[in-house]
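Trainee: These protein sequence lines map, in sequence, to chains A and B.
Each residue of the first sequence is one higher than the last, beginning at 27 in my numbering.
Each residue of the second sequence is one higher than the last, beginning at 27 in my numbering.
Simulated from the structure, these hints should not be mistaken for laboratory data.
Here the structure is a predicted model, which means the values were calculated and not measured.
Treat the hints with care, as some may be off.
You can't tell identical chains apart in this list, so a pair holds if it fits in one copy or across any two.
Said to hold, decoys possible - Under the rule of at most 25 Å between Cα atoms (straight-line distance), these lysine to any residue pairs were calculated in the SDA-like manner:
{"#": "1", "residue 1": "Lys407", "residue 2": "Ala433"}
{"#": "2", "residue 1": "Lys389", "residue 2": "Asp59"}
{"#": "3", "residue 1": "Lys436", "residue 2": "Arg262"}
{"#": "4", "residue 1": "Lys250", "residue 2": "His93"}
2 protein chains.
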Amino acid sequence: MEKLRGACVIGQSGGPTSVINASALGAIETALDEECITKVYGMANGIKGLLEDRLYDLDQEDRDELHLLLHTPSSALGSCRYKLADPDKDDTDYKRILEIFKKYDIRYFFYNGGNDSMDTCNKISKFLLKHGYECRVMGIPKTIDNDLDMTDHCPGYGSAAKYVATTCMEVYRDAAVYGEGSVTVIEVMGRNAGWLTAASALASAQGCGPELIYLPEVPFDLEKFIRDIKEVLAVRKDVMVAVSEGIKDKDGVYISSYFTDTEKDKDAFGHIRMGGLAPNLASYAGARVDARVRGIEFSLLQRCAAHVGSENDVNESYSAGKEAVNAAVSGITDKMVGFERVYNDGVYECRTILVDLEKVANKEKKVPLEWINETGNGLLKPFIDYATPLIQGKNEYPTVNGLPRHANLKYVKPTV
Amino acid sequence: MEKLRGACVIGQSGGPTSVINASALGAIETALDEECITKVYGMANGIKGLLEDRLYDLDQEDRDELHLLLHTPSSALGSCRYKLADPDKDDTDYKRILEIFKKYDIRYFFYNGGNDSMDTCNKISKFLLKHGYECRVMGIPKTIDNDLDMTDHCPGYGSAAKYVATTCMEVYRDAAVYGEGSVTVIEVMGRNAGWLTAASALASAQGCGPELIYLPEVPFDLEKFIRDIKEVLAVRKDVMVAVSEGIKDKDGVYISSYFTDTEKDKDAFGHIRMGGLAPNLASYAGARVDARVRGIEFSLLQRCAAHVGSENDVNESYSAGKEAVNAAVSGITDKMVGFERVYNDGVYECRTILVDLEKVANKEKKVPLEWINETGNGLLKPFIDYATPLIQGKNEYPTVNGLPRHANLKYVKPTV
Numbered sequence: 027m028e029k030l031r032g033a034c035v036i037g038q039s040g041g042p043t044s045v046i047n048a049s050a051l052g053a054i055e056t057a058l059d060e061e062c063i064t065k066v067y068g069m070a071n072g073i074k075g076l077l078e079d080r081l082y083d084l085d086q087e088d089r090d091e092l093h094l095l096l097h098t099p100s101s102a103l104g105s106c107r108y109k110l111a112d113p114d115k116d117d118t119d120y121k122r123i124l125e126i127f128k129k130y131d132i133r134y135f136f137y138n139g140g141n142d143s144m145d146t147c148n149k150i151s152k153f154l155l156k157h158g159y160e161c162r163v164m165g166i167p168k169t170i171d172n173d174l175d176m177t178d179h180c181p182g183y184g185s186a187a188k189y190v191a192t193t194c195m196e197v198y199r200d201a202a203v204y205g206e207g208s209v210t211v212i213e214v215m216g217r218n219a220g221w222l223t224a225a226s227a228l229a230s231a232q233g234c235g236p237e238l239i240y241l242p243e244v245p246f247d248l249e250k251f252i253r254d255i256k257e258v259l260a261v262r263k264d265v266m267v268a269v270s271e272g273i274k275d276k277d278g279v280y281i282s283s284y285f286t287d288t289e290k291d292k293d294a295f296g297h298i299r300m301g302g303l304a305p306n307l308a309s310y311a312g313a314r315v316d317a318r319v320r321g322i323e324f325s326l327l328q329r330c331a332a333h334v335g336s337e338n339d340v341n342e343s344y345s346a347g348k349e350a351v352n353a354a355v356s357g358i359t360d361k362m363v364g365f366e367r368v369y370n371d372g373v374y375e376c377r378t379i380l381v382d383l384e385k386v387a388n389k390e391k392k393v394p395l396e397w398i399n400e401t402g403n404g405l406l407k408p409f410i411d412y413a414t415p416l417i418q419g420k421n422e423y424p425t426v427n428g429l430p431r432h433a434n435l436k437y438v439k440p441t442v
Numbered sequence: 027m028e029k030l031r032g033a034c035v036i037g038q039s040g041g042p043t044s045v046i047n048a049s050a051l052g053a054i055e056t057a058l059d060e061e062c063i064t065k066v067y068g069m070a071n072g073i074k075g076l077l078e079d080r081l082y083d084l085d086q087e088d089r090d091e092l093h094l095l096l097h098t099p100s101s102a103l104g105s106c107r108y109k110l111a112d113p114d115k116d117d118t119d120y121k122r123i124l125e126i127f128k129k130y131d132i133r134y135f136f137y138n139g140g141n142d143s144m145d146t147c148n149k150i151s152k153f154l155l156k157h158g159y160e161c162r163v164m165g166i167p168k169t170i171d172n173d174l175d176m177t178d179h180c181p182g183y184g185s186a187a188k189y190v191a192t193t194c195m196e197v198y199r200d201a202a203v204y205g206e207g208s209v210t211v212i213e214v215m216g217r218n219a220g221w222l223t224a225a226s227a228l229a230s231a232q233g234c235g236p237e238l239i240y241l242p243e244v245p246f247d248l249e250k251f252i253r254d255i256k257e258v259l260a261v262r263k264d265v266m267v268a269v270s271e272g273i274k275d276k277d278g279v280y281i282s283s284y285f286t287d288t289e290k291d292k293d294a295f296g297h298i299r300m301g302g303l304a305p306n307l308a309s310y311a312g313a314r315v316d317a318r319v320r321g322i323e324f325s326l327l328q329r330c331a332a333h334v335g336s337e338n339d340v341n342e343s344y345s346a347g348k349e350a351v352n353a354a355v356s357g358i359t360d361k362m363v364g365f366e367r368v369y370n371d372g373v374y375e376c377r378t379i380l381v382d383l384e385k386v387a388n389k390e391k392k393v394p395l396e397w398i399n400e401t402g403n404g405l406l407k408p409f410i411d412y413a414t415p416l417i418q419g420k421n422e423y424p425t426v427n428g429l430p431r432h433a434n435l436k437y438v439k440p441t442v
C-alpha cells in the first residue's frame, strides 16, 4: 500500500503532565524522520489554537533543543480545555477544522490527551470521513489520573505516582520528628478515580506512608474518618492520611462541597473545580482528635515534577507518541495507542497496543474495589504489584546551574 | 595535649531539613572512628529527650545502614522545640543535664540546630564550666532559613533552595499552558529572613520563575502587590509570585494575620480555616485582577525533599558534623562550625570555620537590602551569584522499588 503523503499536526490537551512532552517528542521526532510526512506542525493550545489557525512549524526547531522535551514538564505546545460540540447540532468547528486541514494539507492528526481528547479525535475523524477528506487520526493518551479505559495504564501516571510516593515518604519522616502526636492530611488529585491517591500506598509499603488512604471509589464518611484516625492514634503517635480531592459521601456528594460553595466554580466541561479539601479536613479533624493536624495539598506539583519522574514512564510515553505516527503512516486510523503489560520471566515489559477511539472516549476506569481493603481505607497487594513497575528508574534530566535544563522552543509560525 | 576521653552525645533540634541527618552522620561516623570517644549516644528528641534520659546507643547500629543517613531527610534522632530557661532564674534543667552527663560519662556534646540551639549549647557550656565538669560543647548549624550569623550559609539551605527553584521552574511551565491568563502565588517558608523565598529568583534567572518576589526584609503593601501584578499582566499573560510566609506591613504586622480570626474565615463547621497565606493572597488578588489566581503552599515539602537535594549541601553538611567532632577532640569547645566561601580560580569552595557560640546565639541574618531591587519585588545579581554554588550537584540517593532507600535505625537503648 502506498503511504499517504501530507503534513501532520500534533496537539496537546487537558491538564499537563511531566511526560506529555515526551509523548509529543516521540511523535514529532518520528514524523520529522518519516519521508511521507511533508511537514510537522504543532497546534498552539490544542484544538483551540487549530481553530484559530495558530500553528507552529516544528521543522524549524533545532533537533537537539527539541530533544530536551523528553525531560521538560508541562505541555510545550500549550493546552486547552475546549470541548467540541455535537457535530449533528453544530458543525461550525468541524467545518473550520476541515478548512485548516486543507490549507496546510494536513493528512495526519495526533492528539495527546485524556478521555475528553479521545472524544475530540473520534468526532473529528468521523466528520472528515463523512466529508471524504482522507486523514489519519490517532489519539495519544496522557493523564496522571490513569483513568483511561482499554489500556493497562496511562503515560503520566507513573511519574505522578512516583512523586506522590516519594514525597509521602519524605513528609512522613518530617511530620513525626517531635514525637508529640501529629496527623498529616495529604490531598492528592483525582476527581472520580483514585489511582494517584492510591500511589501513596507505595510509600506505606516501604514503611513510610499513609496509614489511611481514602479514594473516591469508596463512599467517605466524616465520622468514620475521625474514628479511623483515633484508632491509628491509639497505636502510634503520628498518623498520615491521604485523600483524593474527589472523595464523595454515600449519596455521591463531594466532601469538599461540605466546606465550601463550589457550585459556582465549574470548568468548560461542567466539572466542579476542586481545592482546599486538605486544610478543611485538617481543621475538622483538629477539633476532634488529640493531636496537631496539618493539611497539605500536593497541588500542581504532583503533575509537573519531572525532576522525580519515572524513567519507565518517560520511555513509555515517548514510545506511545512514536507508535501513533508509525501506525498512522502504516495506514491505521481512529485508534488510541494503549499499553499492554507483559511479564517475561517475571520481568515487567510494556508493549504498545491500538485501541478503538470509540471504546475509550468519555469512559473512566476506576481502581478495582477488590484492590481496596475491607475497611475502605487502604490498598491491597494487587495494587502494589500493579503500580510498582510503573515508577521504576530515575528520569535523568540534564541540568544547567544546578537546575533542570528544559527545552526552549522557537515557536516559528508557518509561512503557508 | 592528651585527648579528653569519654562518651559523646549528639542531638537534633528545631525544624528538620533534608540534610540534617548528613550532619549527624558526619559527627557520628567521625566519633565512632575516634579512639578517645568511648561511646556514641544519640538524644531522642534533642535536649528534651536528654532531660528525660532517653538516649540511643549508636554503637549498636549497623554501619552501612547508618551511612544511609547521608540521603535520609528529617531528623532521624527526633527533634524538639524545647527552650532552656535562664540558668540564673531556674537551673533545674541544667542540673538534670549534668546528672545525665555524669551517668553516661559524656564529655562531648554536639547539638545540631538553628540559632535557638546555639543558645542552648552556649548556656549548657557555661553551666558545665561553672560546675567544673569538663565537656566539649559544639554547635552544628542547620536551617533552611539560612539565617544564622557568622557563617557564609547554613547546611540545609542549599537543598531547600534547590527544591524551591526547581519546583518553581516546573510550576511556571505548568501554570502557563492554557494561555488564558493566570496568577500563581507561591508561599515559601521564612518568618523573618527571606533567603529561601529569594531562591525562587534562581528559577527566574533561568527564564522560568517568579516575576515578583516578596521577602520579609521589605515592608509589604497589599495595594502595591495588586499594582505589581497588574503591571506584569500588562506585558505577559501568566504571572508567578513568590511570597515569604513572614511578609509584614510597614508596622511589622504579619500579612497572614490580615486574613485570619474573622467570622468569614470559619468553615461550615465553625472552625477557623488554617494556615494559608498563599490561598488568602490568591483569593484577594483573584477578586482584583483579570486572571485566574491560584495559591500554592510548599509546606513541609520544601524542607524534606531529599530527592532533589543539593550534592554540595549534602557534602558540606556532612563536613560540618565531622569538623565539629574533630575540633572538639582537638580540645576546642564553645564553638559552632560555620562555612567560609573561597573561590579558587573562580571555582567555588566551601571551608569550615569555627565561630564563638556567643556570637551566633539568638541572632538572625537577613538578606542584604542591597541585593533586593529598588521596587522591593525581586532579587539582584549578587544574590544569584551567592546562591548558585549552593544548589550544585544532584543528591544521588539509593533506591529500592523505585523509591528512596532511607536509613532505618534500630534505636537501641543504652545498657548503662
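Trainee: Determine for every hint whether it applies to the structure shown.
Mentor: Cross-check of the supplied hints:
When the C-alpha separation of Lys407 and Ala433 is checked against a cutoff of 25 Å, the pair qualifies only between copies, where the shortest distance is 24 Å, while the shortest distance within a copy is 39 Å. For a Cα distance limit of 25 Å, the shortest separation of Lys389 from Asp59 qualifies neither inside one copy, at 34 Å, nor across copies, at 62 Å. Taking the shortest Cα distances, Lys436 and Arg262 sit within 25 Å of each other only across copies (17 Å), while inside one copy they are farther apart (55 Å). Neither within a single protomer nor between protomers do Lys250 and His93 lie at most 25 Å apart by alpha-carbon distance, with minima of 50 Å and 41 Å respectively.
Comparing the model with each earlier hint shows violations of hints 2, 4; every other hint is respected.
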